[in-house]
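Please build the complete structure, drawing on both the sequences and the hints.
Residue numbers (the working numbering), protein chains in the order written: chain A, 64 to 412; chain B, 64 to 412; chain C, 64 to 412; chain D, 64 to 412.
Calculated from the structure, these hints are not laboratory results. Everything numeric in this text was worked out from a predicted model, so none of it was measured. Fair warning: there could be bad hints in the mix.
Said to hold, decoys possible - Simulated restraints on C-beta separations:
1. A:Glu220 - C:Arg70: 37 to 45 Å
2. B:Lys86 - D:Thr155: 55 to 63 Å
3. A:Lys86 - B:Gly110: 31 to 39 Å
4. C:Thr244 - D:Asp243: 53 to 61 Å
As the list claims (entries may be wrong) - Far from chain C by the CB rule (all over 12 Å, computed), these chain A residues:
5. Gln183
6. Gln187
7. Cys267
8. Pro383
9. Glu388
Even glycine gets a Cβ: it sits at the ideal position worked out from N, Cα and C.
There are 4 protein chains.
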Amino acid sequence: MIIVIKRGATAESVQCFTALLEKQGIKVHLSEGASQMVLGLVGDTTGIQEKSLLAHHLVEKVIRVQEPYKRANRLFHPDDTRIAVRGLDGETRYIGAGYLGIIAGPCSVETKEQIISVAQSVKQAGAGFLRGGAFKPRTSPYSFQGLGGEGLDLLIEAKRVTGLPIVTELMAIHQLELFDTVDIIQVGARNMQNFTLLKELGSCRKPILLKRGYAATITELLMAAEYIMAGGNDRIILCERGIRTFESYTRNTLDLSAVPILKKQSHLPVIVDPSHATGLSWMVPAMAKAAIAAGADGLILEVHPNPEEALCDGEQSITPDRFAELMKTLQRYAAVEGRILYEESHETP
Amino acid sequence: MIIVIKRGATAESVQCFTALLEKQGIKVHLSEGASQMVLGLVGDTTGIQEKSLLAHHLVEKVIRVQEPYKRANRLFHPDDTRIAVRGLDGETRYIGAGYLGIIAGPCSVETKEQIISVAQSVKQAGAGFLRGGAFKPRTSPYSFQGLGGEGLDLLIEAKRVTGLPIVTELMAIHQLELFDTVDIIQVGARNMQNFTLLKELGSCRKPILLKRGYAATITELLMAAEYIMAGGNDRIILCERGIRTFESYTRNTLDLSAVPILKKQSHLPVIVDPSHATGLSWMVPAMAKAAIAAGADGLILEVHPNPEEALCDGEQSITPDRFAELMKTLQRYAAVEGRILYEESHETP
Amino acid sequence: MIIVIKRGATAESVQCFTALLEKQGIKVHLSEGASQMVLGLVGDTTGIQEKSLLAHHLVEKVIRVQEPYKRANRLFHPDDTRIAVRGLDGETRYIGAGYLGIIAGPCSVETKEQIISVAQSVKQAGAGFLRGGAFKPRTSPYSFQGLGGEGLDLLIEAKRVTGLPIVTELMAIHQLELFDTVDIIQVGARNMQNFTLLKELGSCRKPILLKRGYAATITELLMAAEYIMAGGNDRIILCERGIRTFESYTRNTLDLSAVPILKKQSHLPVIVDPSHATGLSWMVPAMAKAAIAAGADGLILEVHPNPEEALCDGEQSITPDRFAELMKTLQRYAAVEGRILYEESHETP
Amino acid sequence: MIIVIKRGATAESVQCFTALLEKQGIKVHLSEGASQMVLGLVGDTTGIQEKSLLAHHLVEKVIRVQEPYKRANRLFHPDDTRIAVRGLDGETRYIGAGYLGIIAGPCSVETKEQIISVAQSVKQAGAGFLRGGAFKPRTSPYSFQGLGGEGLDLLIEAKRVTGLPIVTELMAIHQLELFDTVDIIQVGARNMQNFTLLKELGSCRKPILLKRGYAATITELLMAAEYIMAGGNDRIILCERGIRTFESYTRNTLDLSAVPILKKQSHLPVIVDPSHATGLSWMVPAMAKAAIAAGADGLILEVHPNPEEALCDGEQSITPDRFAELMKTLQRYAAVEGRILYEESHETP
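Structure follows, in structure tokens:
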């Protein structure tokens, strides 16, 4: 961390400020420039906030040279993290380090028939994981809030029938006791900075699918991962799902630049959710292909047997047939740079 | 709600779609336009999601004519809501309906001396409420997370000494048991769509200070209030605190347009937080004055005896002296249109 | 300007880089920190681009300590600039340095009766300037594009009848020859970075009303002013008129924080356009009052005798009666801190 | 266009409003809904502005069913437009309708050696067009503004030597006379809504590369194209180059969703500029691949022999070697869905 001192500061006042910093266990190195003094801070500055430093009357600018995250930082963990999940069918699915993970299923679990039928379709098409919402974050208190525990039971039933590992969203800490047979716990965009929840998940032994908040910077997403990792759980899958901008054609603006950036800054796998980002099912194939080409380690996609009757988010779901077709195309895109879509990897990972 | 049907749709398919809607208890009125059919939906459409309708292949556009919120809607509650809170000193403070409420205090509670000293200063300057953070939402897990329960105790001590009602942030449901002597519970920007928390606060009997998420639309803020109100708690104070934009000079962009809009759409009082919005203490007076002139029902301001040593958010705090000076100016702005700052109203509300 | 050098850089490579910089007339001061070297650049760095420096493989970060604008910078011109314009009625109007300038009139000039009637109304209500669009920037080529030269003639006619100085938008350099009798030339938001146009206006002897582009940062607005000032014309009025954000209730988000920032960074007067920012006439009074309280040096407002029949931007115009009423209220807000609305200042500036 | 009338409006007032609309040559179809009247407007409504209608006191909402653009609209021109440009080497290059066009070269033309060397490299690697800036839009008046006419001469020299068609930016109408031997005229992001310039280009017989403004919606980009097309020039190449958002890691946020949307809404070819969007050369390959996978008809890329010495935008340029390598990878991505990169198509289009 580098601090530029305001012009005209006296040596004494800077000394006094330096002492204040050193009390926090930081070593301070002073360099006197031509017209301005510059302080270099050495040591663990991850707990220091730029804005607190800026409050000091001597401080002109603060520049963080080291990233504020450690465990999520590729600098200290150069190899890609690969998440492995074993299904009830005995097969292990991988996300990261060259393996693409495809998570597919309906927005909401509705009926036993619906979820089992979708699960079978997506497994056959090559998906590695089944998704389905039981607890649903809804903007309106008057909208359908998901089937809750009952929905979770249906999802688990689909897991038993197909062997697919399941992914579903946790909305509050007290629901955790119901998530024993869930394979990957999803933290939704609106909870990305629910720090109490993140801390709790740090002591959980399951992989976490962490969605980027729709107004969160890339650094904030990594800091959210750091919260979980600081608690001891380092099996995090990051997920880009669109940010809020002025453009209103799509629900959100899918920020695919986040993919190479996250992969450069962190060792964690990165997947993309084109369904929620665009909110438009006809755009899902184009953005799914682009995500793979940008380097994503997988996708989370909404698939619904009959989107027109879906209880929620119908517009962003594709049918099982279109999903199967898309998977074939995605496989060819993945192959361009030798990456592996699940279906072909399960024999020999 | 109005649905524009795609050109070329057959009468049968529209009839079938209409039947689907009527199964949900909605009356549908069909008007045949020159080239397109238009459906008018009558009844309670607050639970219907536009995006689900848009999934249907017959639907071209959906227009919501009625707002999706009811209890927060001024249409059904034309008079301004006024929040009254009685302090331990026997005086009642008001926010809304012509009364301006000023909530002041440090970002974080640090020591007994600090919080009591600030409380006394702000009370003398005319503030109606004391704020202070005990549980702090911090971007980094390595930053100071607030004194927690101990901080709450110090805040309560300051309440006893000064008589001022206190306002502090709740980060998770399980903390609620500690909030018995808190007068107004603050929901932070990052929790504005923590729906589980909002529902819980619906059955709480305390006023809620609900901050706008920094990527939340005005409608979403009102829907968050609706979540709490749907549970039976209608004592909500809305708070504009800046939104995320491309401009990086300020931490966020204070959206003062939200003030007249929220007051037109809703009967709830609206306050403004210029400290967090700008992140720069020198800007607080200008934006505080602008907020009052825009019609806000109050302010929440960070005041710290020594901002340079503040453990958090120092840059956005002003000193007690500058606060006292600002209060005098604000009183003159409030007086322009006959509104009442707390200090002069406590004799005769 | 401060450059942080990447860790592990050799002394020779840094020397070579330093030489490159010194060839551009910059003095470089090297400070060796604990783990990283830091270069301090001394001299006129306004022409150096951060992004070019960042291209160099030795460079980790670049921090600009000095602002990139000089003539617009308050640092080199501590006193407020005051723009004075003399009307045909012999009176001089002022904007800046304690004088508030109110510019009012219709979005488009439509007929002789319309523009003269509005001019008379707004003059009587205390406006100092008449605005009216002759050349209109329209999103659609099929929309009414303004009356052009004929509209300008009508505006000049209104100037003759009322004595009010006139303000109108210039869309292209070749129109300049028609602007001889225009008192203040407006550069629209979409032309804020039309650098060819800005350069041309640098050699023009009229005050320029420079609107902030709706995606321009505050620094970019000041750099646009710098373009004009570099050519020798330093009579610039800056205008905040809303920026693009995700919020869709208003057309743009009025960024009132820009007012105190621009006034801190620059000596130029700053006015606000609440009509275009919000796009909603009912919000104009609230935001006009807030702008004055935030410290703006004036306003530009749309006033139309019959907004319902306006050929463009009807929704954002207020009637002459509402304008007159608003002026009285604004005068009281201005008086709070001793600032002067035009009507009372014309006797004794 | 559909207009929802406010509740409680009288039949007479609606009749009067209807008459007003019909005077503008629009046929109005009235449908009386259960609680609200709805007007359907038939005829050419492209010139009608929603905001003008909204000014009327009877109007609750306005919904545009038909897009406001006609010539750019795929509805009236279902087949993809393909732009063909013949080089001095006798070969024709194509953009659109299955042909990918790659435009490569330095940000600024600097020297004869530089531009010819880059031109030869990119041609050999398979680029179809040479780009190079002569007139440069610079944020600061003190930055290098490009070599101007001299730069144009050097670019033309490179065209003669290599046979590659050239693409360069026009900043003002009066420069047009110098652009005779330029093959494709680029309109920069900051000029996307310079309507005077767009109109002028409507009567020009060269293809126009129209860049999306960094705060322009997709509809506004299409309306800008419509301005040029309304003048008779329908050879437009649309270019996505990033939009402004809160994310600051990249210079802009590349909005790849714009690619499938533009291609659905319009028949015009769509290319992507990953260099300017990200501002970071290491990200260019990832985003270039993603753009192709998303369906783009080509790319515009910055290539510079020595990015570290580039006079401008060095950080976003890649070297000729990395460009050649990237081209090979892109070819494999293009082949996935049978699209043609230039180098293989020139024998048999």
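Status of the hints after comparison with the structure:
no., hint, verdict
1, A:Glu220 - C:Arg70: 37 to 45 Å, "violated (55 Å)"
2, B:Lys86 - D:Thr155: 55 to 63 Å, "holds (59 Å)"
3, A:Lys86 - B:Gly110: 31 to 39 Å, "violated (57 Å)"
4, C:Thr244 - D:Asp243: 53 to 61 Å, "violated (38 Å)"
5, Gln183, "holds (39 Å)"
6, Gln187, "holds (39 Å)"
7, Cys267, "holds (33 Å)"
8, Pro383, "holds (33 Å)"
9, Glu388, "holds (34 Å)"
This entry does not satisfy hints 1, 3 and 4, going by the numbered hints stated previously.
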